[in-house]
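Please put together the full structure from these sequences, using the hints given.
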Amino acid sequence: MDKMPAWADAVLVPLISLLLAAFLSALVILAIGENPVDAFKLMVDGALMRSSGWGYTLYYATNFIFTGLAVAVAFHARLFNIGGEGQAVLGGLGAALACLFIPWPHWSLAIIGGAFAAAAFGALWALIPAYLQAKRGSHIVITTIMFNFIAAALLNYVLVNLLKPAGSMEPATANFPEATHLPSFQDMFATADNPLFRGSPANVTFFLALIACVLVWLLIWRTRLGYEIRAQGHSETAARYAGISPVRITIVAMLISGGLAGLMAVNATMGEAERLVINAAEGAGFIGIAVALMGRNHPVGVLMAALLFGFLYQGGAELALWTNIPRELIVVIQALVILFTGALDNMVRMPLEKLFVKRRAA
Amino acid sequence: MNDTVPAIELKGISKAFGPVQANKDISIRVMPGTIHGIIGENGAGKSTLMSILYGFYKADAGEIYISGRKTDIPDSQAAISAGIGMVFQHFKLVQNFTVLENVILGAEEGGLLNNSLSKARKVLKQLAEEYELSVDPDALIEDLSVGHQQRVEILKALYRQADILILDEPTGVLTPAEADHLFRILDNLRAEGKTIILITHKLREIMEITDTVSVMRRGEMTATVKTSETSPEELAELMVGRKVLLRVDKKPATPGEKLLEIKDLRHVDDHGVERLKGISLDLRAGEILGIAGVAGNGQSALLEVLGGYADATGSVKLRGQELPLSGPGSDGSARREAGIGHVPEDRHHEGLILDYTAWENAIFGYHRDAQYQKGLLMDHDAIRKDAEGKIERFDVRPANCNLAAKNFSGGNQQKIVLAREIERNPDVLLIGQPTRGVDIGAIEFIHQQIVRLRDEGKAILLVSVELDEIFALSDRIAVMFDGQIMGFRDPAETDQRELGLLMAGVTNTKEASHG
Amino acid sequence: MDFLTLLQVLDSTVRLATPLLLACLAGLYSERAGVFDIGLEGKMLAAAFLSAGVAYVTGSVWLGLFAGIAASVALSAIHGLASITFRGNQLISGVAINFLAAGLTVLIAQNWFKQGGRTPSLIGGGRWENITLPFAETLSGVPVLGPIYAELISGHSLLVYVAFAMVPLTWWILFRTRFGLRLRAVGEAPEAVDTAGVSVVGLRFAAVGICGILCGIAGSYLATGLQAGFVKDMTAGRGFIALAALIFAKWRPWYALGACLLFGLLQAVALRYQNIDLGGVVIPVQVMDALPYILTVVILAGFVGKAIPPRAGGEPYVKER
Amino acid sequence: DPALIYDLGGKFDKSFNEAAYNGAQRWAEETGGTYKDIEMQSEAQREQALRRFAEAGFSPVITAGFAFADPINNVAADYPDTKFVNIDGWLPEVPENVLLINFQEHQGSYLVGMLAAMESKSNTVGFIGGMDIPLIRHFACGYAQGAKAVNPDITVISNMTGTTPAAWNDPVKGTELAKAQIGQGADVIYAAAGGTGIGVLQTAADEGIKSIGVDSNQNHMHPGSVLTSMLKRVDNAVFEAMSGGADLETGTFMTLGLAEDGVGYAVDENNAELISDDMIAAVEDAKAKIISGDLEVVSYYANDSCPALEF
Ligand SMILES: Nc1ncnc2c1ncn2[C@@H]1O[C@H](COP(=O)(O)OP(=O)(O)OP(=O)(O)O)[C@@H](O)[C@H]1O
Ligand SMILES: Nc1ncnc2c1ncn2[C@@H]1O[C@H](COP(=O)(O)OP(=O)(O)OP(=O)(O)O)[C@@H](O)[C@H]1O
Ligand SMILES: [Mg+2]
Ligand SMILES: [Mg+2]
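Chains as they are written, first to last, in our numbering: chain A, 1 to 362; chain B, 363 to 877; chain C, 878 to 1198; chain D, 1199 to 1509.
For the record, the hints were derived by calculation from the structure and aren't laboratory data. The beta-carbon is built from N, C-alpha and C at its ideal position, and this holds for glycine as well. Hints are supplied without guarantee of correctness; some may be wrong.
Which stretches of chain C does chain D cover? Using the computed rule of at least three CB atoms under 8 Å from a CB of chain D, they are [as the list claims (entries may be wrong)]: (1) 887 to 894; (2) 917 to 931; (3) 990 to 996; (4) 1078 to 1090.
Have a look at this one:
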């Protein structure tokens, strides 16, 4: 018998954890001599009360949806993919190569080609750790951490020695050709007298992310493969009994996970920077962990958590802009969210379970 | 020694794991210098009770008296100080430590190891001589056989000068010879005045060695009786709560064509141990072949190989068609496609995904079938309907296919697995421990289903540790020992004693049984 | 490469290997006890910050050291609380701790010193003095051995010698003491320790605590030994290299020394020679940077001697489901 | 009000960004005006900060660091009423409301190169750069030319810290590189490496050799050890831009060299004893010649190579 009803597990536990994280964050803000209420108002104001604020919030959320889904898919197969960052970096490389070296006639084709390349590169970067886990039992957490660093070094090499335009100061590729620039929300929704989303980076990739949510939901809960991935995640011995190959599932799940992480690059490189810069992933790979944890590995949850983190990111940038609160506050909040919804989950869960067991007994 | 004060007395012990009430208000007295048996079905709460006595779990309520003194046992340290030693069902040894290191762990003398090690070496030598408990003190645990590992566990307890020794299902993993050896040791210990609690499922052992016996059922203590004043039949009844009638109505078998031909099947497990050492047998349509044997003699490996999730060499033919034994086409789904169904021994870790709903579990292994697909997606409506039918026909309770498998009781979980495998109408059905932990009512139903399948002309390979079940169902019995088949017997022409000898590896049964 | 250059590279290796070694041994205690720790980086960072901050304010490097250790141990306590008491996921807890340290150090530093998340430069008693070992001067004339003694062995700060002394000490503790036996046991089979009447929780907290202390020393060394102050993100991935070294060393103290020296050497070489020309083949500096990670993956893949982690590592000890 | 945006190194890098900050402070003190400032934390923030400041009505919006040139180019047209200033950046075409300010760093570096060569007793001087980009090679090149002008036989050792922006903020590497150069005989080291330079200056002081600071006057950091600092008067540029206010002339490049007092070398009470009158005389002579055009310091940008130094 479950100790707790499903809704409590899916909503109540993360909510309480989140409140705890928020409470501690408020304490931190107080400790550095600022007013948490004002800070929160400022964040809401900057992130949600203006269309360009939304433009940033949604831009960040798009990144986090992809990396969150990536972590979630792997989690379903009980694989902890901590390598989203590296996979996103490689995804960026794939997207950059596709944009720079293929003459796309129109953005609609470029986004397909770029997405394909980004996903393929991200997936390939996940393939090696996946293979080593499946075939040689190398702990995927450690290998993916290592691959994050190797990816950073690789991108560094490629940008500095191969793709950097001569004479350029920055380790970044040349700007992508005009035809690969994705329409931003401003392009799509702004009118002459109503400059919606002006200057904000949210772009058509957001819809790609929504599609990815739907596809991942279908994949995990509606397809045979998803059935097998979840089976493997719940019980590897049972999966083997049913003729589900652990090697295959490990590799396929990680390929999908790496591909999703790689897709993040479509948003960050093609949608925003319109070139590949050195830290294009900007830590979104790690935030994906928090997003997946909070979203309970469900696409709807991931979407909500990604929006929350998008809000935190944009709101944090506003804070840094108008107050003395450094942007690192967001890193702290993020850490607290991961800590409470992930590692200290049981701190909330155990008393709740007791409560429910007692209530049922009564 | 005071013979009127119990060595151990438990009063009103209760323990719940979340919603599961493992022990309910249990009281028990064990006299010093006796061997006290505890029996009960799987999950009855035996291990839980003993673990509480040993300080491994904390009781929710109840009191413990050692030699008449009320004693608090909040952790194992307290139990050890009170003179209690325990050999767990699952050994608690550090695999890559030496025997010596395992023995001194937690009972070291002083902060440095040197002294402790040399002292333990001496004591171990003494104990080995005293109780025939010799093990190489410098061997690594992972290199020892289970029997020897068990000796280390006993040595650990004796090294700590335990007066009360608890053994939880010690013979489950032992060969009959090893079990006999163990019982001799227990006899010696009793003779020295030590008190022993022995948990076992085997009534024979209870009758053979214990002085008193307690019976547990569903977390409750149903009776405590003097062994000399009871009988196996009475104990069995106490255990399950009603008269046990392990006879199945069935017509004589009418074996048909050879469906499965197995030749020289060999299998080496992950640890490099050869589990199957050249198995050959035939299975005919319309017969039930029962495989008897002590746990750990290769029956599980046989089912796993035939079920397609362990690699092997040799030859297996289904209706004359060679089946691949490793590589592509040798996995579980290929076997199912070929017409081999499989009810695995362990429903929790193999047969079911406990977190999946009943309807998801009802197609587990067959989830790739075309009938469950609709385009790229799975056809959930079809699967649900299918599952509802199975649940109704097999009388699974509660009849709610949206409930997670973990929320069904053991017997009903088993029915879900059986329904799934039997309704497929496989040509060959592999069944492992069909009624482990299942109540009597369900056992009868399950047995009927198995016999019905046989009567429909299917071939059934049955593995069970319960000899009664083997006798009740089988048309032919094969006995396995140490990865080999010791012989085939007709159930009508053999008895438990002969099978027991075969299970112990004695082939010359006629002589042995007469001599 | 002439002898003197070689000495200098090795000297630099010793300096760069020291924080790795301390963090690696820290991880060794924790992981040998069954608690995986990918939060080494964060603990080091926190320690680096607080030791620099306190050393600056008080002018005492010792007070700085203690403060650094306290910061690191505090994060260890969180890790212990999450992964031992509340049986959470140790990896997730480690990730959280890394973020927490990265954010809090800058946040507090900015609030405290208003210098963009760094501490002011340390002067005088706020830094570790380099220790000149006896006779270093007089012996430096002796060919070969003299310079080795004077340049390489002598002239480091106290913490360097502490780090190197920790290697035999750790070996001795693990393999020759009761505490070590229990520590190793609790990482392999906590249930065996539990039923032997020893507290699993206590042992694991002790191990995590030691891990915190060593990470604290590592961080202090970075900020007050190797450098004269804290700058944002100054650990720069050293915690992860230490983790890599730990796997490379197969969780053994002497091997850990070897692994850290190797990785330190790689860093020293990569620093001095950006691109290494091996007779026509140029090894780009990025390869040198990534080499520790690549080597670790190779080891993990089991192609060169398999690294088997402690059996109960990463799993919380759960008795009742 | 004006606004000031620092680059990733942060406001208090004791160097480039801090110079900008000092200029703004001076303006604030002298005029009693107020300004808004912010440090960048990530690439994606640049454009956002520009827009938010423009929308909030700040002008001029002054940015320190070449990386802002592109974002400014992107946003300038959207805010025609706002003036944008960028220091160190380059654009093929300068928009109407943008002012780009550049410095002749090679000229200043030439002068400190001379001082280094005159100070050196080992005939070896060092250069430690931050991220390996043309701008930093530009520094190194001027430095090497100055050193060789004093002593044609001098050895100039040059190292770059790295190839990514992290190279601006890695004092540990700065220390190790300095130790390596000292091992190779260098007794004066010029650090043009942002925060990494802090490690270089520290190590020079610890090891008893001389160092040369960059951008801001860093002489005070280790009095008696920092020989001088190559001043890049970012502070002046910021001060001028802020003072210009609404009337600031935009749409052009502004280049500040020795002639405009945009670069130079620092002499103050912290290093007065290190620099003799002879040294000053020699340097002042060269400075005059450069201003008059009699002496040309070759720019690395001229053909992406340096006559006095191999990279
Ligand atoms: N650690 C645990 N956490 C939660 N539930 C448990 C735990 N251990 C046992 N249980 C539950 O408590 C009940 C009693 O289990 P216990 O192991 O005591 O039975 P047992 O009589 O020893 O059975 P067996 O003969 O199979 O060993 C079962 O329902 C079991 O699932
Ligand atoms: N380890 C466990 N964890 C969670 N729930 C458990 C566990 N063991 C048993 N349960 C639940 O406790 C209830 C009783 O289970 P149990 O197996 O004891 O049933 P039972 O009365 O023995 O029935 P049956 O005779 O059919 O096995 C069931 O709902 C079962 O799912
Ligand atoms: Mg049991
Ligand atoms: Mg049951």
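Structure-based check of all given hints:
no.	hint	result
1	887 to 894	holds (count 4)
2	917 to 931	violated (count 0)
3	990 to 996	holds (count 5)
4	1078 to 1090	violated (count 0)
Hint compliance for this structure: hints 2 and 4 are broken, all remaining hints hold.
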